[in-house]
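Peer 1: Listed in order, the protein sequences are those of chains W and S.
If you read the first sequence in the numbering used here, its first letter stands for residue 1, the second for the next number, and so on.
If you read the second sequence in the numbering used here, its first letter stands for residue 1001, the second for the next number, and so on.
In short, the hints are calculated from the structure, not lab data.
Among the hints, a few may not be true.
What the hints assert, rightly or not - Quick list of in silico lysine to any residue cross-link-like pairs, SDA-like style, CA-CA up to 25 Å:
1) K141/W <-> D1014/S
2) K141/W <-> T1013/S
3) K59/W <-> V1299/S
4) K1277/S <-> L152/W
5) K1277/S <-> S139/W
6) K59/W <-> S1295/S
7) K59/W <-> A185/W
8) K141/W <-> V1299/S
9) K59/W <-> D1014/S
10) K1277/S <-> S55/W
11) K141/W <-> S1295/S
12) K141/W <-> K1144/S
13) K1144/S <-> H65/W
14) K1277/S <-> A150/W
15) K1277/S <-> S106/W
16) K1277/S <-> H65/W
17) K59/W <-> G1296/S
18) K141/W <-> R115/W
19) K1277/S <-> I88/W
20) K1277/S <-> P119/W
21) K141/W <-> R1408/S
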Amino acid sequence: MPGASGAPSATGEPLLSLRGVSKSFGAVQALTDIDLEVHAGEVVALVGDNGAGKSTLVKVLAGVHQPSSGTFLFDGRPVTLGGPSDAIDLGIATVFQDLALCENLSVVDNLFLGRELSPLALDETTMEVRSWELLRSLSAKIPTVRIPIASLSGGQRQTVAIARSLLGDPRLIMLDEPTAALGVAQTAEVLAMIRRVSERGLGVVVISHNMEDVRQVADRVVVLRLGRNNGVFDARTVTTQTLVGAITGAEDHR
Amino acid sequence: MTTQTTQPALDRTDERLTGDAGARGLVRSSIRNIRDGDLGFLPVIIGLVIIAVIFQILNPVFLSSANLVNLALDSAAVGVISLGIVFVLLVGEIDLSVGSLSGFSAAIMAVLFVRHGVNLGLAVLIACLVACAIGLLYGVLLTKFGMPSFVASLAGLLAFLGLQLAILGSQGSINLPYDSGLVQFAQLAFLPAPVSYALAAVFALGFLLSRLDRRRRRARANLSTTPLSLLVVGTVLLLLALEFAFWYLNQARGVGWMVITFLVMVLVANYAITRTKWGRSLLAVGGNREAARRSGINVNGIYWSAFVLTALLACVGGLLSAGRLASANLSSGTGDVNLNAIAAAVIGGTSLFGGRGSAFSALLGTLVIGAIASGLTLLNLESSWRFVITGVVLAVAVGIDSLARRSRASHGRA
């Protein structure tokens, strides 16, 4: 697969590229002149303090917010996202922090929610088989796909949410705080899954507060501070100290 | 069966799964489900048996064929209204006006048909269209104005009762001619005995064929399957139960077409809820509205369809009971009709909190409510006590539901 090596400075056209993107809400300048590049097969971590603009940036990428100015290139072509469905059509999938799963429905039901096979006589068999194939390919540890989401642990739910976003064959997937509420083992499991997703040749953007997780899973780390870029680092060489400095503003990397 | 020993089914490979394969495993897992609070239809079936035993001891007429024929016919009309309630409950909303809506619809039909000489079919159609418009109104009030359906339908309850009284006028009662199709259908249309037995066989065969089809598909995809023996036993039991029930009713007047209509409506509703994308969307909206929206489900459309269906079925139920009484009057759809229809759905196991429920809950719940009403009437109890007892049964049913819900939560089930 292209970019499977996950090299930080992957050559060739970036999958996603933002140039000078700004977003303001009335008098509040939430994002100012943001540059961001994501290549296929690459994991980019987005870090920053509360209010740094991470969530706003993700919402711009997901088509929830429209940027006030700047260019948005996807696959080298300029695009404008009128709404979340435009982003999905382009191949940008987002897993929000609240996961948005229906707890009363089973794993299969949730995976295929909104895109059920044969709407008038649901093809449960094929949906179940495809669910198993997908979960196996992610090495997900879910004992049975016929139990309601309510019975699953936090890590398993995260797994289902990620798997669901993959069903639409996206090219870029964004994860908002995927390890926020997870234990040690579950965190490791989800991080491993994020690597497997990128090995499939997808671009991955991960928002996280945990510097250890970031250095473990990401290829590059993009730091935001007060709505501006504050440095891009190679995740394999950067120290936690440098990252914290960039996040808090002790060091200026603009 | 032979291949399963060499290669486990695709969905049975996780070592944490305890062996639920085979007939014995199925029994074991059902016992575990019940212990964890996944009660299914068990409480309502036990409740029905208790009610039947008590009333039979108090008055031996209760379980007679003649009384059960009446019970079935009475239940069918309320059951249709209750089936509608299942749809709004599934999306986590409520329609408190189904009673007055049913009375209002009956009044519209009767006024058009009897006073204005409109063709019966057209009168029925107009009543249905008015009901659909009212359902759509509730849906729009909820989705566009954010008005809780609780309040909107409570307002509707009063308003449509008023309209019912207004169009019935000073006489307050319209008798439907006995030879009209509706009265004939609701009072006198019974299946000939052989047809009823054949129909019971068709139901059982349909059950078997659909299960066999599912089994074949799952086997082909290397998924675990229900043991064939269990399917056959289930089908035979279903067949015997249906044949016996129909035979018993045939000892008196027989199986009413109205009853069959209700049963078929329940089956169709069950298919729509469990086997179509629309039904899945209903459950999703009731479970987590925001998740449903983000999955690309047209949430507003789902709400509207649920409210429209509820209102339409309330109308149909109202027309059927008008036919059964051969009249539409001031008391049509008033009194306990509202509460009975809602209570039936809840007693049958459809959750008031949305996202959980089944079309069969309307059937079973209506039988409970109908059995209590019929038993108390046989005992010559005043309606005051009927209200009290029905109220207590509803409280017990919701109490069991809430307890089971808590138990499910603590055992990690939805």
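Peer 1: If a hint holds in the structure, say so; if it does not, say that too.
Peer 2: Going through the hints against the structure:
1. K141/W <-> D1014/S: Roughly 8 Å between the alpha carbons, so the hint for K141/W and D1014/S holds.
2. K141/W <-> T1013/S: Holds, at roughly 11 Å.
3. K59/W <-> V1299/S: Holds - the C-alpha atoms of V1299/S and K59/W are around 21 Å apart, at most 25 Å.
4. K1277/S <-> L152/W: The hint holds at about 24 Å.
5. K1277/S <-> S139/W: This hinted pair is violated, its Cα atoms lying about 29 Å apart.
6. K59/W <-> S1295/S: holds (16 Å)
7. K59/W <-> A185/W: Violated, at about 29 Å.
8. K141/W <-> V1299/S: Violated, because 32 Å separates the two Cα atoms, which is more than 25 Å.
9. K59/W <-> D1014/S: Outside the cut-off at roughly 37 Å; violated.
10. K1277/S <-> S55/W: Outside the cut-off at roughly 32 Å; violated.
11. K141/W <-> S1295/S: OK: K141/W and S1295/S at ~24 Å, within 25 Å.
12. K141/W <-> K1144/S: violated (42 Å)
13. K1144/S <-> H65/W: Answer holds: K1144/S to H65/W is near 22 Å, not above 25 Å.
14. K1277/S <-> A150/W: Distance of about 21 Å is within 25 Å: holds.
15. K1277/S <-> S106/W: Distance ~14 Å between K1277/S and S106/W Cα, so the pair holds.
16. K1277/S <-> H65/W: Given that 25 Å is the threshold and the Cα spacing comes to 30 Å, the pair is violated.
17. K59/W <-> G1296/S: holds (17 Å)
18. K141/W <-> R115/W: This hinted pair holds, its Cα atoms lying about 24 Å apart.
19. K1277/S <-> I88/W: holds (20 Å)
20. K1277/S <-> P119/W: holds (5 Å)
21. K141/W <-> R1408/S: Distance of about 22 Å is within 25 Å: holds.
Of the numbered hints listed earlier, those contradicted by the structure are 5, 7, 8, 9, 10, 12 and 16.
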